Each structure stands twice: as C-alpha cells, then as structure tokens.
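Go by the hints and put chain B onto chain A.
Residue numbers (the working numbering), protein chains in the order written: chain A, 1 to 111; chain B, 1 to 897.
Calculated directly from the structure, the hints in this document are not laboratory data. As the structure is a computational prediction, the values presented were derived from the model and not from experiment. Think of the CB as a built atom: it goes at the ideal place given N, C-alpha and C, for glycine as much as any other residue.
Restraint-style ranges between C-beta atoms, simulated for each label pair:
#1 B:447 x A:42: 56 to 62 Å
#2 B:81 x A:82: 31 to 37 Å
#3 B:476 x A:18: 48 to 54 Å
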Amino acid sequence: MSKPTDLVQGTLDLLILKILALEPLHGWAIGQRLKQVSGDVLSVSDGSLYPALHKLEQEGWITAEWKPSENNRRAKFYSLTRLGRKELEKEAANWNRLSAAISRVVKLKEA
Amino acid sequence: MRLKHWFYTVPLRLRSLFRRAQVEQELDEELRYHIERQIEEHISKGMTEEEARYAALSAMGGVEQRKEQCRDMRRVRWIEDLMQDVRYSLRTLRKSPGFTAVAVLTLALGVGANTAIFSVVNAVLLRSLPYKDPDQLVMLRYNYEKEIKGFDPPSVYKVADFLEWREQAKAFEQIAAYQPLTADLTGSGEPERLAVGYVSANLYATLGVAPALGRAFTPAEETVCDAPVVILSDSLWRRRFGGDPQVIGQAITLGGQSRTVVGIMPYGFRFPGESDLWAPLELSQRFCRKRVHIQGAIARLKPGMTAEAARADLSGILERKRQGFPREYSGIQVLGLNEWLVGNVRLALLILFGAVAFVLLIACANVANLLLARAAARQKEMAIRAAIGAGRLRLAQQLLTESLLLSLAGGVAGLFVAKWGVELLVALSPPGLPRIDESGPSSLLDGRVLGFTCMVVVLAGLIAGIFPALQGSKIDVNETLKAQSTTRSAHNSGLRVLPALMITELALALVLLVGAGLMIKSFLLLMAVPKGFNPDGVLTLELRPGDTNYRFGSPQRFAFFQEVLARVQALPAVHSASVTGFLPLTEPNSGYSLTNVIEGRPPFERDKTPAFIVTHISPDYFKTMGIEMRAGRPFAAQDGGEAPRVAIINETMARNFFPHENPIGHRLVIEGPPSTIVGVVADTRHFGLDQMVQHEVYLPYPPDSDLKRITDWKMSLVVRAASGQNSSTALSTLADAIRNQIRAIAPNEPLNHVITMDERLSNSVAQRRFQMLLLGVFAAVALVIATVGIYGVISYAVSRRTHEIGIRMALGAQARDVLRMVIWRGISLALIGVALGLAAALALTRVMKNLLFEVSATDPATFALIALLLVGVALIASYIPARRATKVDPLLAIRHE
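For reference, chain A alone in the conformation it holds in the complex:
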C-alpha cells in the first residue's frame, strides 16, 4: 500500500527507494546513509526502518540478497527493482510537486 496516508511513512518509503537507487545496501547501512546524507537532519528510528523495508520488498519494489558485508559477515542487501524505479519516479515527482506547493505557500509575503 503505497498510498501516502501519513506523510512520514510515505516519505520514508521515498527516502529508502532513493538511497537504494544509488547502490544496494543492507538495513543498518541504509540508516547510516540517511543520517549522513541529510546531515543528521533526517534520522529514522531503527525500529521503523525494518517494517518499511519488508513492506517495500513485499510490494516488489526492492529485492533482497544475502551477501558478505564490508566487515565480512553475511548481511541482507536490498536493491531497487524495475518496478521500484518506476515507483521512485512517481513518488519523487509527487514529492517535488508537494514541496514546491508548500514552499510557495510558505514564501507568501505577509501583509
């Protein structure tokens, strides 16, 4: 269910998809990357990350593979599928429209 019913949940999906579009990563690294890229502004609680990942996997947008990680232990790496790329484009376009609209509203001059 990708309906952005609550903004945070929908946004998290978008963020994960975008990060995975760059390269396949495992769960912990996704969390780290998110913090790092957003300059610690966006941090996702470890708890809500995994249900979100599992949901995206079940939707068929990302797919998982067990591979040795950088510290040489087996980890579950997620990567974007073709369906996922389409979904990302859709979500990104949505986001751009939404954020542009919000910033236009925010920038209104007060009389």
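Positioned in the frame of chain A, the structure of chain B alone reads:
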C-alpha cells in the same frame, strides 16, 4: 501493471507461506546483524559493551514487536491465521468426539439427501437433452375436444395434416413424425416383444443425432410400403447381437417380416420413449393401403423462431382445415421438448427438493443448537483468549472455522450418503421417471452436482455456525473470568437463542410431516378405492400373434385364442381363463363416440356425445377377473360370432343412460345390427385407480362380420389360479405351465411378459408410492433430528439449572413439581413450534395439491394428527431430562457452587 506486480509478489507470498522457517530465520539474522553493527558502532565511539548493547536494543524498541510488524508486512497473515484456526479446531473437535460425531452425522444426512435429490433434479430437469440445440426442439400436438385418458382418439387425418405442415409451415427447419408401437423379434433366440419407433426419415436429422454405425433412413424409404430396413438402438445391439458391427447388412425378423439392419444409434438414444429399434414410417398413402397413424410430431424451430410464432403458423394451416372437419380438434399445442418430457414430474421433483432442503435446515438448526450449548460451556476459554488480545472478529472467525470444518466433514460423509442414496433412488424410481437413465446411473453425480454439494456444505456451515459464532464471541471478559462457575452465568444471551432454534426445528419438521402425512393418506385412500376386480391369484399375458396365419379378425385368429384357452383351462391349477381386448391398467383396443347409441332414443347433441370403451371378452371373463354381475347374465358359449348380438354394460353406463329403468332388454347400436343388453357388471378402474370410471360396453368375442373395426389385434389372456394355488411360487409354476402350452402352438409368441394382476396394480401406483416413500423418509429423518434437538435443548437447560432445582427441592419442592416444571418448559416451546409449523404448512401444502388423491391439501385430520404426534414426541423428549432433574440431590447441587 497489475500482472507484472503479481509476477514479483506471488513468489514472495508463496515463500512466506511455505518456507516460513527460513523466512523467520532470515528475519532474525537480519535484525541481529543490525544490532551487532550498532553495538560495534557505539563501542567504537567509546561506550562499554554493556552500554552499547542497551542503547542498540532500546533504539530498536523491542525486537519481538518489530518482528511482528515485519510479519504483518507479508500479507499472508490471514492464511496463517486460518491454518492456525483449522489446526486448533481439529484439536478441539478431536477432544469431544461425541459432539463431533453427532454434528457430522447430522450434517452428512442433510447434505447427502440434498445431493442425492439434486442429482436427480439435475438429470431430469436441468441437464440439457442429448440432442443438438435441444431448446429449438418442439412437440406438436392437437388439442382434442374430448379426451379419454390413455386413449388417443382415432386420427385418420393426421398423416395428411403432417404432410401439409411439412409443406406449408414456415416456422420449422424440419418436422419429423413418429409412431411408437411394439413388434416381435423372432428367429434366432427367444422371441421378444420390442418397442419399435416407426419414424419419418428425417427424425435423426431433426434431433441432430447421427447413427454411430451405418446410415439413417432415406426419404425414399418413407414413401414405399414397409421398406424392409431397420436401425438398432445401442442397448439392443449389445444385448441381442453382442455388439457385433457385422450385424449391419444382415437381416432380422421383426413382426414376421425380414428387415435389413442399416444402422446403429449411439448409446442413450431411445427417442421416442424407450425405443429398442426403429423402422421407417410410411408417409405416402398413395402406395400403402394400410392406415398409417402418427402419434407424435417433433420439429426443429428455425433460429430465432419462438414456439408461440410456430403455433400461430400451424394454427393458420389448421384453420383452413377445420372448415372441412370442424369437430375433431380445437387447436394445436407447440410444446418445448423438455417441457413435454418432464412436465408432469417437475412439480413432484421440486416438492421433494424443497422437502430435502427442509431436512438440511433442520440439520443445521440442530448443529447450531449443539454449537451454542458448547459455546456456553467454553465461555471461560473464550474469555481467556479475549484477555490475551484476540479481537471479537478473531474469536468469531475461530468459531466459524469450527462449524465450517464440521460441515466439510459432513459434506464428505454426505457424498457417500448421496452415492448410496442415488443408487437407491434409481432402483426405486418408478418406470415413468424420464431421463434418469439417459447416460447411465454413475453419471448422475456430475460436476454440477459436486458444485452444488460444495455450495450446500458452505451454506450449511455458515447457517449452523453464524449464530453460535456471534454469540460465542460476545464475551464480557471481566464477568466471565470473575464468575466462579459457568453454571452461574445463565444470563448468557446465547441460551436465549436455543429455544428459538428448537421452535424452528419443530416447525420445519411439522411442515414435512404434514406433507408426508397427506401423501400417505392419499396413497391409503387410493389403495382402498374399489377396483371392481379381484387381482389375487390372477395371471395375465398379452398375446399378439403376428403370424400371417392369424390375420386380424379372421376365424383362424379366433380359433388360435380358443385353442390357447382350451389348453390353459385344462391345466389342473387353473380356476378359469379367458381373453379380453382390454385388460385393466393397459391401453384399450377401441373406443367409440356415437350420437345415437341407444335404440329408440333421440340422438345426443353433438357436443354432448358420450364416449365409451368397447371391450370384447370371452365368456368366462367376469368370473376370471372377479368382476361382479349386478344384474342379468354373463356371456355364454353360444354368444358372439353370428349369433344375435348381445352386450353387457357397466354400472356407470347403466346409471347415466338408464337412470330410471332397467337397462336389460334395451338395445345399443354399434356398427351394424343392434345388440341387446343382457347384463350389468360392476365398475372397474380400467385406466388406473386414480382415474374416473368410463362408460363401458362389453361385447362377446369373436364379433360378427358386421363389425368392421379390428378388435383382436391384441388380446390379453387372463388366468385365475384355482383356490389355494395363489402363492407366488404356485403362480410362477402356473406361469411356466401356461408358457409351455402356448409355446406348443405358437413358437414365435414372446412369453416373457407373464405378469400377475397384483404386479400390474402395483406398477400403476409406482409413481405415487415413490413420492410417498421419499417424502415419508425425509419426514422421518426430520422427526428424528428434531427429536434429538428437543432432547438436547431440554437436557441442557436442566443441567444449567441443577443448582436452582437443588434449591427448590431443598425448600420442599416435590419430584412431581420439578417434573412438571421441566416438562412444561419443553411442551410450551413445542406448542409454539407446532403453531408456527401449522401456519407454514397451511401455506405450503397447497403446492402439492396435484399430487394428492381425494385428500384436501389442508386436510384437518392429518394436520391434527401430526400436531399431536409432534407434541407427543416433545413430551417424551422432555420427560427423560425431566426425570433426571428429579434425581438431583439438593445437597450436592448446592455444594457444587
């Protein structure tokens, strides 16, 4: 898009379901990896290991809850729940085998009976006929102004009509004609009388069925007289010719004439009726001097043409004809073939189907009863489940799973009941039930029937389970867990439904029982109808010598029958023997409708002309059949032939034509010189016990040469065994002796149909008996199930009130008072059920009016008797638990709390 989506997701769902252990292990490993990395991260930032682990775990916020959330994302939760429910239900059901067995058996009876009846309904009413586009096939029939049941009025115009229709009617692609008759197959093996369909050449094309082997008749074969060809049915071919394809081209002897086999029809094709073989019907009267009759015409409508339009088309043609022959027919019917074939059994089948649905409803109500009582006993379990987080929906789902499982088991068991039931139905079905055997009895349980059974199973599970599920899941956790014992919480609303179910069961059972009661009463009345003859110890055999030596109406033919009579009468075990042209419960030889039948009376007005049956008999006929003389004398040896004409009439004719005078001495005018009435005999039910008595005239056999009509093409030999010789073994010995005597003088006469008059009588009521039997069985099953239901409800109520009863007895109530209290409870519920049932029965039995004989559909005696019966049953079913209640030990009951 959707499909591509499934391409990705379906394997994932399947993996979640079937590789669950691996999926779980991966989930565990994934989260553990995260936590370990997080710990390493924290340690590298200077935390102690203890602090790092704590921080990592708390950031996750409860590993088990997260796992649960991840599992929810798999979207196969409902399946997992279902499996869990099924496993749990199986366990609980196994733990109470008594309850399970009763519930499954009850449902098996209900489902099985429904499946069995539905398979018959399916074969007879629903399955399409084995012809091409059967919806386009229609039967054509005249409406005669006067109709005598079982007796088609002479119809010399029919061939001409048919040919006109064939030329002029625009509504049809094809019109085919047929005439079902019998003929003897002689030559190799035992002579056998076969059903022959004389058919126009295009019959097969009209029905859209081609011969399996060989060819159909050619149009040329219907324009010559007695074209010597024949087509065999599959069953005759296999039975008589061993299924040998070489039989095509060979000659067989049918009715004394040699005919070449030109084709064999596919399995199951027997039209018209149950034809064994077919011969061409001569439709050109120019070449054939013999009179050809057409009994039926079947036509294929042009595409888009309706039966109504076809009727208008034919009526137009008929209208022109009516000017020439105004009184013969009043119109024409165009009936769909299916309607024509099964029209008169549809009502009976639908009523049986309704009855069996009632049985199922009663069974469901009973299982619901059981489930409710169980749910009440399981309140604690439900409360505990609710307390640890199961929602109401979840509880209801669990309970419903249980009832569906029960009905599934009942359905499987029911299929066995149905298989057995279908075999029984086919074995018991009366000869007149069409289409039941069309494609073999094993094919009765086809896909549609199985689909129906599945539907019934699901419905039964839902009907039986929905109430208990709703009630059982309505749990006040606090109250239930606080209550010390389940006996206290008698306020449980589930228990208020129990009496309602019991009332419903009783009402339904009453409707069924009333229906069965009416049928049984009809049947008893039918059997009590004065038959007018005495069937005990009477053997009958239809004789139709086909040899050219015995031409119809010839002295040789008479001599043949005389010889047969002489030989049979000489047998020691024979009381008397005679021949008759019209045996009761068969088809008559001839009937008349004459305007001035009584000498010296003004002629009848044309539309009031009476019809009467004329039967030629040998002198001992009345003595042999046990028909009583009311006045005058029977025929003597010197009557008949060229002696002065004499006649005997039946009582109905005497009453209607000679109401105030003695008919003896009056004279009847039937073709030629008048016949003097010399006697009056008792009425006989010639056409069936449920049919009106007709006017009948008996004439001596042989007739004189003035009577042109052929009277002896078929004569029935009637033999009464000597007194004390009418046991069934004695009769079968006598039958053999009779066969031997006839074989000695007529080796080609089929003798396999020696049948007692009792058997004929029994066959004539077979259909009514079948309906009565089935309805009776269903009603009996319903009564048993409902009785168990009442018993269950009352015993349950008693067991819940043990405490209260104990207190009452401790306070001085006598056993008598307790008994009265409990029984009154049962009876009061039963009375409500009976009242509702009576009302429903009053409304419903009307549909079976046509199946009843001399019994009103609202027969007060039947209604009263059945109501009493049910109240009595309720009394007994409540008495047993009531007796138990009086044995309650007050001390024990109170201490029990």
